[in-house]
Amino acid sequence: MPRIAQYNFKKIEKRWKDFWDRFFKVDTHTPGKKFYYLNMFPYPSGVLHVGHGRNYIIGDAFARYKKMQGFTVLNPMGFDAFGLPAENAAIENKTHPRDWTIANIEGMKRQFREWGIVYDWDREIRTCEPDYYKWNQWFFLQFYKRGLAYRAAAVANWCPGCQTVLANEQVIDGRCERCDSPVEKRKLTQWFFKITQYAEQLLRDLEKLEHWPERVKKMQYNWIGRSEGVEIDFGLEGSSQRLKVFTTRPDTIFGVTFMALAPEHPLVEEFLAQASDPAFRAQMEAFVQRALQQGEITRGAVSVEKEGFFTGRYAINPINNERVPIYIANYVLMEYGTGAIMGVPAHDARDFEFATKYGLQIRRVVESSNALDEGRWESEGGATREASQSPPPLPYEGSGRLINSGEFTGLTSAEAFRKIGEFLESRGQGRFAVKYKLRDWLISRQRYWGTPIPMIHCERCGIVPVPESELPVKLPDVPFIGKSGLAEIPEFYQTTCPHCQGPARRDTDTMDTFVDSSWYFLRFISPHERERPFDPEAVNRWLPVDQYVGGVEHAILHLLYARFFTKALRDMGLVNFDEPFARLFTQGMIEHLAYRCPQHNWIHPSEVREGTKCPHCGQELKVDLHKMSKSKRNTISPHDVIAHYGADTERLYTLFMGPPERDIEWTEEGVRGSFRFLNRVWNLVLSQARKLTDAGELNTAQFTERDRKVWQKLHQTIKSVTEDIESFHLNTAVSAIMELTNELTDYVTEQPKKINKALVKRSLEDLVLILSPFTPFICEELWRRLGHEDAIVDQRWPTYDPQALHASEREIVIQINGKVRDRLTVPGSVSEDRAELQRRALAQMQPRLAGKQIQKVIVVPGRLVNIVVGG
RNA sequence: GCCGGGGUGGCGGAAUUGGCAGACGCUACGGACUUAAAAUCCGUUGGAGGUGUCCCCUCCGUGCGGGUUCGAGUCCCGCCCUCGGCACCA
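Here this note's numbering is used: the first residue of the first sequence is 401, the next is one more, and so on.
Lysine to aspartate or glutamate pairs mimicking EDC-like chemistry, simulated, CA-CA at most 20 Å apart:
#1 617 <-> 946
#2 874 <-> 907
#3 1032 <-> 1068
#4 1030 <-> 492
#5 414 <-> 514
#6 644 <-> 822
#7 1161 <-> 1146
#8 1161 <-> 1097
#9 1157 <-> 1107
FYI, nobody ran anything at the bench for these hints, they're computed from the structure.
Build the full structure now, drawing on both the sequences and the hints.
Right, dumping it as structure tokens:
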């Protein structure tokens, strides 16, 4: 055995690192097959770890593959550069958020280059640059003109840690998604985008997104939360007002025994004002205060004890004119429906709990009854009949047949829904209605590092938009101070009213950074436009994005906002498509072991001594798998991996380690396995390359049986790798290439003298070609060593010959009673012939079958023969 | 509670959608090479058992319990566990 050297990846990577840029410059005006590949652009938070790399490595591999298939591939990159971490870092380091951000961007661009990841950097976007955020402001003004941007006082989520408001979407379990502080409620006047206007479309169009993960669609579906019901006006005793409620169960209206108001409901204030007894009023006020307070603190808690307060007032049920007591209840939400509910204890678990606690009447009005039950009575007799007949236990939340419901008694729930709704509608006491959980998008942030909202507050003229000709409203170029944002910079906010020229004040809020990412994919098409956000003609040609890839953590926020923007822009005539992303793939996280000491918290793996002891105190460490993060000190630096094994090894391992959509553990052993494989490929190609100069023409007619097997394997591999890449099964694509490598290695070592050189040459070329999107450095080098002058990135992706997929011989499994008992090798032509297969199988199994009764023979052409015997 | 993933060797994971379970890789063990180690190469690696001519055989085995089928990791019914999303949504 010759001593085998490790390939010199350092030299190779240095040679090709800067070579590929020119192949990925895209002229968006060139016709041809376009392919818009897009990775979610990153927030420039610092140095990237191998977990971040997964997203971009998948993208680079996919883009290279598509390019080889002859597509004009647009694969741009940019930076989501506004946001809070920059401000926090700036405060900590006494610098400007811009300096920190720019430094990180430069570092990340170097990392992309080290990884061999190529983007068309002429199209780079940085959202913190005025030439980008100018258009955020422009869109804002267009939205404002159309009533899609509005200012309203609302109870907002206030994060005391970040000193700013948050969108509903940014509150996780009652805590800030960024800093984890408990979120408070504050009443503030803020800017909103009217995303609810598109609730129905956003929901309905999910159906169009065939190539989105089901999981993501479901999450959006639930988030939008559509429900169909009836809005019902109850009368108010002693008042001409009406009490409006929304219900999805109008069929249970005869079961109403109380009403409940949210503590924030406007009627509550009225009742308080009208209360004649001061002691009673004080009690009611105390209850309301407590409920409001509780709402803030326990938001997100699993279940809170239901509490209520009887207001002493009564409502009138429009269906039967019954008098029902009105309560204030902590479990009724102001933000959903009308902020008031009709209480039906018999058919709603929450109302049941409430009614039980306060001794309210519980009236059954729906009985489970359906044809299935009746059918069972006929066939199964006594016991079942009795069991089915006893009414279901309360609360019964299912549907059924109405009882105790006046003229509607006997109807099914579905019929009653419609009939009762129509009845109320005809009398002007109700109407069919659709409600959504989705709320409008609160975009104001009380921060510095974001897009200034282009509005001016004038004492005389009110709120005045900044004229479009004066955009962008730039962030003031002053030394960065601290937490209160633009409100502490008079140079910024002091201005004159565009209307009356009098003194006025600029809006000091900036926009949520999700505005930046809601349209960046459009800007990439024509990033240097100065007079408009993008070139609509080019955008309509290139969009929707053909393949979008990113983390599942953006399943709701970013993807919903981007869809909303697209629809709003379409309605403004700026684009002509409904959905921005045709295909979506969400990749999983990379995890790594993290070590935690009870005293010294997270310990970096390199510091851990003697197995699992803390280096500071010697205590036993707790070891757990976590996704890589700086805070848990379990990140792996790509720089280190590249120094040891090269960028190709990191890329290959990242793609091979497991299915890309799944979370997966990073292991050093796995990295070494990928490195070994690349060495094997290197040695295989180099051991043959020089011998192949006189290879001659490939002639399949001269193939030996062995040659034919290799040929088949080659074509099978091309087929499965192609299909696997298309479906993002990148791990199996790599393993197929490994199998081919093993087969070729066997072939050239078995009988080195007898190899078919033309076959070897073609096989090695195709091997290097199909491997090149994954490990471009080594493949570019090997391509040259195989005698080619031109770049591998510029080659065409190999295609397979369906003829070659079928071997001349096939192995057929012989089963007896479903168990494999033997095999049969037959020529390809025979493998499809049922009768012949059966004949041969029976003949071969003759000895075993002696004395057995053959009951049946099943033949699956090309696969197996199953002989069913008795006895 | 509701919705959606997922449960396969010591580990990450394959399995043409009903047709040879465990591809590919890792780990571990044995061997070759070496003064030695590393690297590399060869072999073994789901479990149990067997008088087993070297291409050996038998049984068991894909979270659990049933079912359909000639045949089930895959389909159906009923559970368990786990991860993620939503959650007093009327």
